[in-house]
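Q: Here is what each chain is made of, one letter per residue.
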Amino acid sequence: MKQLSFCIIIGMALGIILQQCIDKYMDPELIFFGKVANMTDAWFTKVKNNPAPLHIIIGGSEIATSVNPRAMQEKHGITVVNAGNHAGFGLPGNVVAAEHHIAKGNHVVCSLYPAPNITTQGLKFAFRQKGLNMFSTNIIPLNTGNLLTVLSGDLSANVNYVKRQRKRIKRGRPTHGYMNPEKATLHNNGFLEIHNMRMHEMEPEKLYHDEVCAATSDIVEFCKKMQQLCHERGASFSVMFALHYNSLDCRIKHAELARHLTVNGIPVLKDERLGISDDLSYFSDTPSHLSNKGVDICSDIWGYALKNRIYWTEQELTKTINSLGETSK
Amino acid sequence: MDFSQLIFWRILFFSIIFMLLGHFALKFISPQRRHKLFLLVISWVMLGTISMETLLIFFSVCIGAYVLCFLQTKHNILPPRLLLGLMIPLLLLPLFYYKYADFAINDVLGQDFDVIRNLIIPVGISFYTFQVIAFCIDTLMNKEPIPGFVNYMLFCSFFPQIVAGPIERKKDLLPQMENIQPGFLAANLKTGISYVLIGIYFKSVLADNLASYMVTNYDGESAVIIWINNVLFSLRIYFDFAGYGLSAWGLAKCFNIQLSMNFWSPYSATNISEFWRRWHITLTSWFRDYIYFPLKGSRTKRWWLNILIVFLISGVWHGAGWNFLIWGLLIGITMVIHRVFAKRGHKMPAFPAWLLTIITMIFIWMFFYVTNPAYLLQHVKSVFDLTHYHGSFPLPGIKTDAALGVIIALAILTIVLEAISLKRHNDPYRIFTHPVIIVTMVTLMFLAHAGEAPAFIYFAF
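Chains A and B supply the protein sequences, listed in that same order.
Following the numbering used here, the numbering of the first sequence begins with 1 at its first residue and continues without gaps.
Following the numbering used here, the numbering of the second sequence begins with 1001 at its first residue and continues without gaps.
Calculated directly from the structure, the hints in this document are not laboratory data.
A quick note: this is a predicted structure, and the numbers were derived from the prediction, not measured.
Heads up, the beta-carbon is just placed ideally off N, CA and C, and yes, glycines get one too.
Check before you lean on any hint, since a few could be wrong.
[Stated by the list, open to error] Restraint ranges, calculated between C-beta atoms of paired labels, are given here:
| # | chain 1 | residue 1 | chain 2 | residue 2 | range |
| --- | --- | --- | --- | --- | --- |
| 1 | B | Gln1258 | A | Ala13 | 29 to 35 angstroms |
| 2 | A | Phe6 | B | Ile1077 | 36 to 42 angstroms |
| 3 | B | Phe1014 | A | Ile17 | 27 to 33 angstroms |
| 4 | A | Ile17 | B | Lys1381 | 50 to 56 angstroms |
| 5 | B | Asn1118 | A | Asn322 | 56 to 62 angstroms |
| 6 | B | Ser1051 | A | Ala52 | 28 to 34 angstroms |
| 7 | A | Gln3 | B | Leu1020 | 42 to 48 angstroms |
| 8 | A | His187 | B | Ile1359 | 43 to 49 angstroms |
| 9 | A | His187 | B | Phe1018 | 38 to 44 angstroms |
| 10 | B | Pro1373 | A | Arg273 | 29 to 35 angstroms |
| 11 | A | Cys21 | B | Phe1014 | 45 to 51 angstroms |
| 12 | A | Leu18 | B | Val1150 | 43 to 49 angstroms |
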């Protein structure tokens, strides 16, 4: 009996110590990603058997902080999974994190936002992040193919990454303020409510910049690949602009991108704002993270668009581009 | 009575405190009687915490059976066979109503009675009903004396085994209840706690993690995903149910009761008959003694039909649905095929025989977990259609991360250890009581528990 008690105590102590070590030496941002991914997965498991089609919204923190699935369910009666990521991985990285949700019958919507980081740099970064945590059961999933990508990647980049991580871990806090629990509330459906309203005190003009999601061949190619992937898995695919703070003049660039995508057979969900707003009260701590007011507006816009599946047509976009051009003149 | 949940251990802890205090307060009662009374109270409290309805149904089945057996033994009211013919359907009535009425009336007969749709099956009803029926048959057919009410109720409601077995027999459990040793014995506590830990390790570390990777409600489009799901479920159901059985065994041992082992390392079996002799042993032997043998077993030309009947009933016992019927039928067919080969003296080498058994069972489990008939049909079509073996990694809708590989490797290692233990100690689980393995299991419970876990699968039966 003494031996058994000793074994149990040793086992417990070992378990606690190892867990503490893992927690201590785990990147605080990864802990946060893992938490968000678990919440999203739990919500997905809860709603995936609903008879209505499932709308999977893939994107970065601009989605995680702006789409409230519960509000959309209550107001529009649609079932939404907010698969927004929080890492600046770029579109490909965001897709990696959410790809296990792309399944038959689902409607996958990819959010387009400024600086979508289409290059594989973001993707490699995402893989590396996950690769380093492959043995934890509570992480964003890393599939075998991705694991091989990480392992076969160049060693020096991985070593540099680990060095950077060490510094970050030493500091013990995530880089982004909103990843700290006191500055944001993570809801049980993956939606992140930000409490920091820094944007409200900023001078509007200083926040304007030219960085918008422009019509590049990278984006079209990426969207086509996504469409193909969804098609293979029996899911439908479309894109939509996430709400972003900028001068209204920038909408013309989004309209051009939308037309470019539409011409190439990528359906773009219709939203007259084209993802641009100059109302600071809609935003919280960054030009792409929304305040509660912004979340209400955005959830309503997205909810309506997803429910009714109204897409832009080429003619409508040409007309919009013309009228926006007139206005800016 | 979910051993993997903290709430169970909290209730048990406070019950034991209450029990120890009661020992001082009720000194006028003999220690053995006190022990029995406390066990009864704990069992009923545990059952009552699930729901009062569950407790009332349990009482009605157990007390009803006791009263009829009592009247028969004292006053010989009817010929035993006739009485059993009346009693058994009566005892099965709650089970039929909660478990089968919806399927039989709405699905099979095509009626539309909303009141019987989606009824919540009282926890453990299939287990204690079968235990009580076996008690009645043994008592009445063998003209055995009726036990005292307290001993009988303890036999029926002993909390470690009431909700998911093992289905105990009168001759095995009742004498232990009658002569129960009060208090706690160090040797029994040591063995008992070790087995409880093994059970929790099976459930929390293996079964629950495997469950989290399964694609639920899968429509059966990709054969690759189907096979992954089949493998995951085959491992999961074993570690889930065996985990419960081992914890129940260990807990009973702590209270100085020796329950039957429900599993004997089934995945190391080298043929299908052996597999079923090692899987859910108490249910298989129940069917053997109370259905197969009365049908004359293998001493008739229709032995194959007897096997099919037994496994069809076994399928129905597991659940109301076409999939369970097909599942039972398939097991029956594979058993008959194996028997025919064995009778002709054919014998395969051990490894191919083991592989064939495993693959057969992995395939057959598909009929157990896919309950939607349309999906099940698609699953069967996809498995036998080579065009459905497509798909590059990553597979849609399924997480195939490195952690899954670690969990599967751990599960396989556990099965290998069972086989080694069986060979060395003639007990598949004894190896897990080794101090190093205990330390490893406890460490893993902290590191790799699956978080919010699903209930034991067999609670649904």
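Q: Evaluate each hint against the coordinates.
A: Verification of the supplied hints:
no. : hint                                      : in the structure
1   : B:Gln1258 to A:Ala13: 29 to 35 angstroms  : holds (32 angstroms)
2   : A:Phe6 to B:Ile1077: 36 to 42 angstroms   : violated (59 angstroms)
3   : B:Phe1014 to A:Ile17: 27 to 33 angstroms  : holds (30 angstroms)
4   : A:Ile17 to B:Lys1381: 50 to 56 angstroms  : holds (51 angstroms)
5   : B:Asn1118 to A:Asn322: 56 to 62 angstroms : holds (58 angstroms)
6   : B:Ser1051 to A:Ala52: 28 to 34 angstroms  : holds (32 angstroms)
7   : A:Gln3 to B:Leu1020: 42 to 48 angstroms   : violated (25 angstroms)
8   : A:His187 to B:Ile1359: 43 to 49 angstroms : holds (45 angstroms)
9   : A:His187 to B:Phe1018: 38 to 44 angstroms : holds (41 angstroms)
10  : B:Pro1373 to A:Arg273: 29 to 35 angstroms : violated (47 angstroms)
11  : A:Cys21 to B:Phe1014: 45 to 51 angstroms  : violated (34 angstroms)
12  : A:Leu18 to B:Val1150: 43 to 49 angstroms  : holds (48 angstroms)
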